[in-house]
Every structure is written in structure tokens, then in C-alpha cells.
Amino acid sequence: MKEREMRLMKGNEAIAEAAIRAGADAFYGYPITPQTEVMEYLMETDATARTGMAVLQAESEVSAINMVYGGASTGHRVMTSSSSPGISLMAEGISYLAGAELPCLLINVSRGGPGLGTIQPSQADYFQTVKGGGHGDYKLLTLAPSSVQELADFIALGFDLAFKYRNPTMILADGALGQMMEKIYLPAQRPRFTEYPDWATNGTPEGKERRFITSLNLLPQEHELVNIRLQKKYREMEQNEVRYEMIQCDDADYVIVAFGIIARIAQKSIELARAKGHKIGLFRPISLYPFPYDQIREMADNPRIKGLMSVELSAGQMIEDIRLAVEGRKPVGFFGRLGGMVPTPEEIETALYNYFNIK
Amino acid sequence: MSTAMEVNDIIKPENLVYQKSRLMAEKQFNFCPGCGHGVVVRTIAEVIEEMGIEHDVIGISPVGCSVFLYDFYKFDVVEAAHGRACAVATGIKRVQPDKFVFTYQGDGDLAAIGTGETMHACNRGENIVIVFINNGIYGMTGGQMAPTTLEGMKTTTCPRGRDVKTMGYPLNITPLLAQLDGVCYVTRHSVHTPANVRKLKKALRQAFENQRDKKGTSIVEVVSNCNSGWGLTPKAANDWMVENMFKKYPLGDIKVDGKIVMDMNAPR
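Line by line, the protein sequences give chains A and B.
1 is the number of the first residue of the first sequence in the working numbering; add one for each residue after it.
1001 is the number of the first residue of the second sequence in the working numbering; add one for each residue after it.
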């Protein structure tokens, strides 16, 4: 077994290598920029020869997500990755996965929309990821990495959370994370699991009752109970799975809230501001669902903090959750670039000064 | 004959000529009386029971009248989104190549919304069994036009009959699928007479044996009735099927052991 290992890797390659090492049983995908290297890497490094995992190029994202549904229904650790338009195509399947409570790992290396949009990085799929995307009342456990290291680390974590809650996990990355190269530490090879949950439809064992996977209930009184059970599960996730990072918030007068790649850039912005004597902090949600409402509310209640600013690669989506947390206690500013454009640290710094009238 | 047989004399194990497969659950079918679905569903159970593979089989029931398959069987079943049965089957089979996987799909599922998934699973030669119920109509939603609806046939979405100029032609999909190299076996059957049911059973057995021997995709089409959707009595529906459906969709083998055996140029 390979031990923990240091490598210089592209984000998309790190996804693939981490998936192999996490003991994934299958990857079903369809090429789309900017995440195509994931499947290329799995094929090039012969993941199947290394661990026996299945790697299959589907004829569409619709097919890929339904292959994930099939593999996941048997209790295997199955994943796919795609980018924004592909995730839109998968929306029905994702709703089915959530409805049938099938654990799996989904990755969105997102790009600028709407429509065909652009292949450059974007965070405009925030609403799609945490507010729905598909039909019905469901939630995806959503992790937002801000480095290639986290992208790799969240693969095993994502699978483990998915199986803990019998729910799909989504890693919301972006084109920059997928394409950039960083030094990372890869985990040791984890063996593929050989035990499957009791609910898995992998052939009824002798002496056992047959299992079935479905999200269908014709009787509304029964289906309401299913929904109530799902909601109870989501409340548990909200209790247990909030993840975030606070950087220099202890003495901050103003706090930037940013996730993913833009949090990396904003980290430089707060350094620049602090060099000029402005006490700026950075709050980085790592789990986008469940969202760290309580932690942001605490900051809003902190008398020293005068305001927060959401910085996003979108027209302002996460800011709605920040405002829900702040509940009007403090001003919440916004700065965003759209359509695949990425701001410089100085742009963010200037936007902050302008909004809060910092001289 | 001296005395008439008492009922209790008749109901004896040695007099038993037929019984429901033990793989069928104690659940009443929700199919309309007279519909062919139930016969196909239980014939599949009989084949699986006779092959002794019930601990290694996974059925896939997508949206349509097939959707409640999991209520009827005592083996594992996965319900799938409309049209996606072959993708779901692929996902299952690729992580468990030694299990038996079959889909049970209607014409809307297989030949309309799921054409892509069906075509590509067949083209990859996924080692699965596809059971395809062709009754020329959407039964579950109440009798709309299907890709297989015959020319001139009336449904709720072609109430004046299918006009091929605007609505397209009846899609005879199994001969198309037969031309794909990944497909080893394509055959077309019906369940309107006991003799036909016996033929179907043999075909299903052949299909599952192909899967056991890793020969590629096997497709068993069943041309069936939908007496409710067609607005006919069960008897009249079967007669109409023989007279009309069998002309467009003639019964018999289409591809056997990887070789096309049907005369593709025969007038239909």
C-alpha cells in the first residue's frame, strides 16, 4: 500500500487520484470543460488495474448520473464529476438520489453561466447546489474546497459523510481549482469496502427479505412521512456537519465572507488591508449546506464587528444566506465578478473600503 | 366414473398442475384486468426461480406501468427514473459483474425518453437482459401516443389517429437495436395464448443464460395489449393486437447468437 505522498498536482488530477485512494468503486462521467482531466487521469493511470474500480464514459450526463444511481443502489462507493451545464442535466437524477437516499459523491467543477456560458471559474451554481437544483425538498451535503489539498481531502470525507447520512455529497469546486497546480499531500491507499449496507440492492441474501430502492409513494400521507424523515436527517446534518474557517476574525472591525477559490484571493486582500492598519478578517464557509448560520450570527452580534461583506464569483447568491444569519444586525456588503471573471486581491480590498467608507 | 370428485379430493399436491412462483410476493397486481403485464412479470419470476438465481438478481423498474415491480417480487428491485433503466442497469452491473441484472421497460421508457440510454447500453454490449413491453401506448398516464403507436391508431394525444406526416412513424426499435454489435439476442413474443407464453418463457431463459455466459445484451420484446388504453375489452384488444400490432411488429427471433435472423427487407 502506498503511504501518504507529496505531489505537485492539478486540481482535477487530485480529484481522480484521491478517488482511487479513497477506495472508490466506480466513476461514471461525461467529458466537459473544465473538469475533463478527472476521467482522463482515471483512464491514464489505469484506476481499474490499481484497485478494480470501474471507470466508464457515459453517453451523457443524464446517463452518468443514473449509472451513479444504479451503482449507489448496491451500496458501492460511486461518484461522478461534471461542470455547471452538466450538473443541470443531472438535476433530475440528483433529486432521485436524494429521494431514494442513496449515498454517492458528486463534484461540480463549476464554470460561468447561464447557458453554455464560459469555461472560466464561477460560483454562480451556489443556489443550484444548496437551494435545490432538482425538484422537491432535498438537500445535498455540500463541501467547498479552496485549495487543491482540500479538493483531494474532501473526496474520502465526502464519501464518508454520504454513507453516514445515506445522502449524496456534492463538492462545489470551480474551474480555477480544477485547473490550478499545487503541492499536495495525498493520503495512503484505502482499500475498497467489501461490506455493504443492509438496504443495498445487491441480490437478496439467503434467508433475508428482499430489498428495494425507490423514491415513489402514491399515498400523500405516506409520502409526507418520508419527507418528514428526510427533514429530520437534514436537521441532524445541520447539527453535526457545519464546517468553516475563521482567519484573523478575533480583532476584526470588518469581515469578508467568501468560499472556495475566492476565499484564497480574499486572504491576500486582508493581508494588504492589515499592512495599511485596517483590521479585516475572513470567514470561510467550508460546508455550504449546512451553512454556518450560527457562526455568522455570532459575528453580527459581536459589538466590535461593524459589517460583513460577501465576496463571490456571482451576482450575489451566498449573500442571501449571510443576510438570513445577520438578520439586519449589521450592514452586509457585496462584491462579485460575473461570467468567469476573477477579481484581484486589490479589487476586493478597494470594494471593501468603498462600501464601508474606510479611509 | 362412480362418484363425482369432492373439492377436497381435487386440491391435493399430486393434482397440482400450476402454481405461482415462490418469488412472487403476496400482492395483488395493480395492472388492469386483461393486461399482458402480469403474465410477463410472473414468467420472469418463474425463469429466475427455475435457474436458481434469485439471490443474485437485481431487477430495474423505471417509470410507467412497470414502476411497481418491486411490490411483486421477492428479490431485489431498483426503481429508476423514466427512461434511465439501462443506465441504472449499467451502473449496477459494472460494480457487480457477476450478478444478474434485468430491466423491465415499456415502449415510452425504452423507445422515447430512454432511447439514448437504451441504444448506448446495447452498443456497449452491457451484459444485461432488457425486457421490453410494446403495447403502442402510454398506459400509466392514461393512453397517450407512444413511439410505437401504429399509423392511424387513436390515443388521447392523437385523437384523430396517428398522422405520420406530423407525428412521425411507428418506431420499430428492436430491429434497429439488433444491428448493434454489442447485442447478442433479440426476440419478439406475445402472451395472448398459452403457447405464446411458453415461447416467451424459453426466450427469457435464453436471455438470462446469455447473461450468465457473458454474451452481451439480450432483448426480449413482448408485443402486448393495453385494453384500457385502447378502449377495448380484453378479448377485443387481443384480437386487435393480432390483426394490427403483429403486422408492424411480427413475432419471432430477430437476432440469435449475434446473428440477425429476421428478414430485414420483409414488408411490414
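Source of the hints: derived by calculation from the structure; they are not laboratory data.
Watch out, some of these pointers could steer you wrong.
[As the list claims (entries may be wrong)] Quick list of in silico lysine-lysine cross-link-like pairs, PhoX-like style, CA-CA up to 25 Å:
| no. | chain 1 | residue 1 | chain 2 | residue 2 |
| --- | --- | --- | --- | --- |
| 1 | B | K1099 | B | K1215 |
| 2 | B | K1074 | A | K208 |
| 3 | B | K1020 | B | K1202 |
| 4 | B | K1259 | A | K208 |
| 5 | B | K1202 | A | K208 |
| 6 | B | K1199 | B | K1165 |
| 7 | A | K208 | A | K10 |
| 8 | A | K208 | A | K268 |
| 9 | A | K183 | A | K306 |
| 10 | A | K233 | A | K164 |
| 11 | B | K1020 | A | K208 |
| 12 | B | K1215 | B | K1248 |
[Claimed, not checked] Label-pair ranges, simulated between beta-carbon atoms:
| no. | chain 1 | residue 1 | chain 2 | residue 2 | range |
| --- | --- | --- | --- | --- | --- |
| 13 | A | P205 | B | A1266 | 53 to 61 Å |
| 14 | A | M341 | B | G1168 | 43 to 51 Å |
| 15 | B | N1008 | A | R235 | 58 to 66 Å |
| 16 | B | Y1169 | A | P31 | 47 to 55 Å |
| 17 | B | V1261 | A | P31 | 50 to 58 Å |
| 18 | B | G1231 | A | Q239 | 30 to 38 Å |
| 19 | B | N1265 | A | K208 | 45 to 53 Å |
| 20 | B | K1259 | A | R235 | 58 to 66 Å |
| 21 | B | G1152 | A | K208 | 28 to 36 Å |
| 22 | B | Q1144 | A | E238 | 52 to 60 Å |
| 23 | A | E236 | B | K1020 | 39 to 47 Å |
If you're wondering where the values come from, they're calculated on a predicted model, not measured in any experiment.
Glycine included, every Cβ here is placed at the ideal spot set by N, Cα and C.
Hint check:
As the CA atoms of K1099 (chain B) and K1215 (chain B) are separated by approximately 14 Å, the hinted pair is consistent with the 25 Å bound. Distance hint between K1074 (chain B) and K208 (chain A) is fulfilled; the C-alpha atoms sit about 10 Å from each other, no more than 25 Å. Of the pairs offered as hints, the one joining K1020 (chain B) and K1202 (chain B) holds, with about 17 Å between alpha carbons and a cut-off of 25 Å not exceeded. A hinted pair counts as satisfied when its Cα atoms are at most 25 Å apart, and K1259 (chain B) with K208 (chain A) does not qualify at roughly 41 Å.
For the hint linking K1202 (chain B) to K208 (chain A), the alpha-carbon distance of about 29 Å lies beyond 25 Å, and the restraint is violated. Under the criterion of a C-alpha separation no larger than 25 Å, the hint pairing K1199 (chain B) with K1165 (chain B) is inconsistent with the structure, at around 36 Å. Restraint check: the Cα-Cα separation between K208 (chain A) and K10 (chain A) comes to about 46 Å, which exceeds 25 Å; the hinted pair is violated. In summary, the hint linking K208 (chain A) to K268 (chain A) is not supported, as the alpha carbons are separated by about 58 Å, beyond the 25 Å threshold.
A distance of roughly 37 Å separates the Cα atoms of K183 (chain A) and K306 (chain A); the hinted pair therefore is violated under the 25 Å criterion. Proximity of K233 (chain A) to K164 (chain A) is assessed by CA-CA distance (about 11 Å); at most 25 Å being required, the pair is judged to hold. In summary, the hint linking K1020 (chain B) to K208 (chain A) is supported, as the alpha carbons are separated by about 20 Å, within the 25 Å threshold. With a C-alpha separation of about 29 Å, the suggested pairing of K1215 (chain B) with K1248 (chain B) is violated against the 25 Å cut-off.
Between P205 (chain A) and A1266 (chain B), the C-beta spacing of about 48 Å breaks the proposed range 53 to 61 Å. Range check, M341 (chain A) to G1168 (chain B): Cβ separation about 45 Å, and the 43 to 51 Å hint holds. In this structure, N1008 (chain B) and R235 (chain A) meet the distance hint of 58 to 66 Å, their C-beta atoms being roughly 60 Å apart. Evaluation of the 47 to 55 Å hint for Y1169 (chain B) and P31 (chain A) yields a failure: the beta carbon distance comes to about 33 Å.
Evaluation of the 50 to 58 Å hint for V1261 (chain B) and P31 (chain A) yields a failure: the beta carbon distance comes to about 38 Å. Distance hint check: the CB atoms of G1231 (chain B) and Q239 (chain A) are about 55 Å apart, inconsistent with the given range 30 to 38 Å. Distance hint check: the CB atoms of N1265 (chain B) and K208 (chain A) are about 52 Å apart, consistent with the given range 45 to 53 Å. Distance hint check: the CB atoms of K1259 (chain B) and R235 (chain A) are about 59 Å apart, consistent with the given range 58 to 66 Å.
For G1152 (chain B) paired with K208 (chain A), a C-beta distance near 51 Å fails the hint of 28 to 36 Å. For Q1144 (chain B) and E238 (chain A), the Cβ-Cβ distance of about 42 Å falls outside the hinted range of 52 to 60 Å, so the restraint is violated. Between E236 (chain A) and K1020 (chain B) the beta carbon distance is about 43 Å. The supplied range of 39 to 47 Å therefore holds.
When the structure is compared with the earlier hints, violations turn up for hints 4, 5, 6, 7, 8, 9, 12, 13, 16, 17, 18, 21 and 22 and for no others.
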